[in-house]
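**Student:** The primary structure of each chain is shown beneath.
Number of protein chains: 2
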Amino acid sequence: MTRQAILAAARAAFAADGYERATIRAIAARAGVDPALVLHHVGTKEELFVAAHDFPISPAGLVAALSGNEGTLGERVARLYLTAAFTEGSPFQSLIGGALTNTTARDLFRQFIERGILDTIVPRLPAPDARIRVLLAGSHLVGLFLMRRVLGVEPLKDADLDYLVAVVGPTIDRYLTGDLGSLPGSALAGAAGPPAGR
Amino acid sequence: MTRQAILAAARAAFAADGYERATIRAIAARAGVDPALVLHHVGTKEELFVAAHDFPISPAGLVAALSGNEGTLGERVARLYLTAAFTEGSPFQSLIGGALTNTTARDLFRQFIERGILDTIVPRLPAPDARIRVLLAGSHLVGLFLMRRVLGVEPLKDADLDYLVAVVGPTIDRYLTGDLGSLPGSALAGAAGPPAGR
Numbered sequence: 001m002t003r004q005a006i007l008a009a010a011r012a013a014f015a016a017d018g019y020e021r022a023t024i025r026a027i028a029a030r031a032g033v034d035p036a037l038v039l040h041h042v043g044t045k046e047e048l049f050v051a052a053h054d055f056p057i058s059p060a061g062l063v064a065a066l067s068g069n070e071g072t073l074g075e076r077v078a079r080l081y082l083t084a085a086f087t088e089g090s091p092f093q094s095l096i097g098g099a100l101t102n103t104t105a106r107d108l109f110r111q112f113i114e115r116g117i118l119d120t121i122v123p124r125l126p127a128p129d130a131r132i133r134v135l136l137a138g139s140h141l142v143g144l145f146l147m148r149r150v151l152g153v154e155p156l157k158d159a160d161l162d163y164l165v166a167v168v169g170p171t172i173d174r175y176l177t178g179d180l181g182s183l184p185g186s187a188l189a190g191a192a193g194p195p196a197g198r
Numbered sequence: 001m002t003r004q005a006i007l008a009a010a011r012a013a014f015a016a017d018g019y020e021r022a023t024i025r026a027i028a029a030r031a032g033v034d035p036a037l038v039l040h041h042v043g044t045k046e047e048l049f050v051a052a053h054d055f056p057i058s059p060a061g062l063v064a065a066l067s068g069n070e071g072t073l074g075e076r077v078a079r080l081y082l083t084a085a086f087t088e089g090s091p092f093q094s095l096i097g098g099a100l101t102n103t104t105a106r107d108l109f110r111q112f113i114e115r116g117i118l119d120t121i122v123p124r125l126p127a128p129d130a131r132i133r134v135l136l137a138g139s140h141l142v143g144l145f146l147m148r149r150v151l152g153v154e155p156l157k158d159a160d161l162d163y164l165v166a167v168v169g170p171t172i173d174r175y176l177t178g179d180l181g182s183l184p185g186s187a188l189a190g191a192a193g194p195p196a197g198r
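For the protein sequence lines, the chains are A and B, in the order given. Position 78 of the first sequence, counted from 1, bears residue number 78 in this note's numbering, the numbering being contiguous throughout. Position 99 of the second sequence, counted from 1, bears residue number 99 in this note's numbering, the numbering being contiguous throughout.
Because the hints were derived from the structure by calculation, they are not lab data. One should not assume that every hint holds.
[Stated by the list, open to error] Listed below are several chain B residues computed to face chain A (Cβ distance under 10 angstroms; list not exhaustive):
no., residue
1, L73
2, S94
3, A99
4, G143
5, V150
6, E154
7, L156
8, R174
9, L176
In this text the structure is predicted, and so the values were computed from the model without any measurement. Glycine included, C-beta positions come from ideal geometry on N, C-alpha and C.
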């Protein structure tokens, strides 16, 4: 009950204040509980966003997936995401739908990807272009959700999860750790971190 | 002027009747012109859908891209799509937005992918699992549009087009023509064509 109240307060606070400006303290105040209780029930702000929106992949889960054997990294990340994203009833769809149709939701989603996901996992990846590598992998995973769960295009709609993990895993591996060839100067500069002034 | 009237009539007809049931004849009637004039101005029903929605990749363009040298197939497809999708002012976003928020637009989009794109290009690909191969490639391309153009996540938002073509091309190549390993029976059955009864 308390947890549900905290998650509802978090959704309201993120929608009103955006990802960066929403604080644990403000969320606790909205829920009428002590900030320590928020941390006890849900943990960090990243985890709070994930839990409140049923986001199919959490920064903490990604960090755990990144810490295992490198040869199966792509498969672990693909399985983690696809299993959660393809679970019936996931409200991830309304998050993407909101991002496409209103600016507030779009900013919230972008901020969570840039601050909640990239800032958390990029330091665990050794490559200087880690940010764009994660986005190349992420764009494929989000696209699979769109084609399979939202549009329901056959035969992707009914494809076996193990099959998808096996074929998509090597793509994720290549993006996260493989040789992407030489990068043009501009892309590498952009890929090294957020642009100046942000 | 006639072309604009035909495209407006096509959008209305596709929205009202869906992709499969909308006919060139009905679109011509809506525009108040002869069906021959529709074919003269825009060509096939697939091309009419593409032109009316500024869809970033056309079945005819894909067929042309597939007919060249196999070693650079992925780069050609990636360049064709990314160039069109990343052009400012492309209304592809409203097509995806509609697909996420209303059932009619979702069915229209899915029917166009299944009938307009897959039915046209799958016969040009030799693999028995060509349908799901095209969808794996397409899901990545659509996801890139979402991350870059809709959400505007940095550094993908400002990444160089040539860089993206170079890194994404091999992924598209692998999905369209590479070794995807052995498929489980269920996925292969689903991948061979639309399910029975459709």
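**Student:** Hint by hint, note whether the structure agrees.
**Tutor:** The hints, checked one at a time:
no.: 1; hint: L73; result: violated (16 angstroms)
no.: 2; hint: S94; result: holds (9 angstroms)
no.: 3; hint: A99; result: holds (6 angstroms)
no.: 4; hint: G143; result: holds (3 angstroms)
no.: 5; hint: V150; result: holds (6 angstroms)
no.: 6; hint: E154; result: holds (6 angstroms)
no.: 7; hint: L156; result: holds (4 angstroms)
no.: 8; hint: R174; result: holds (7 angstroms)
no.: 9; hint: L176; result: violated (12 angstroms)
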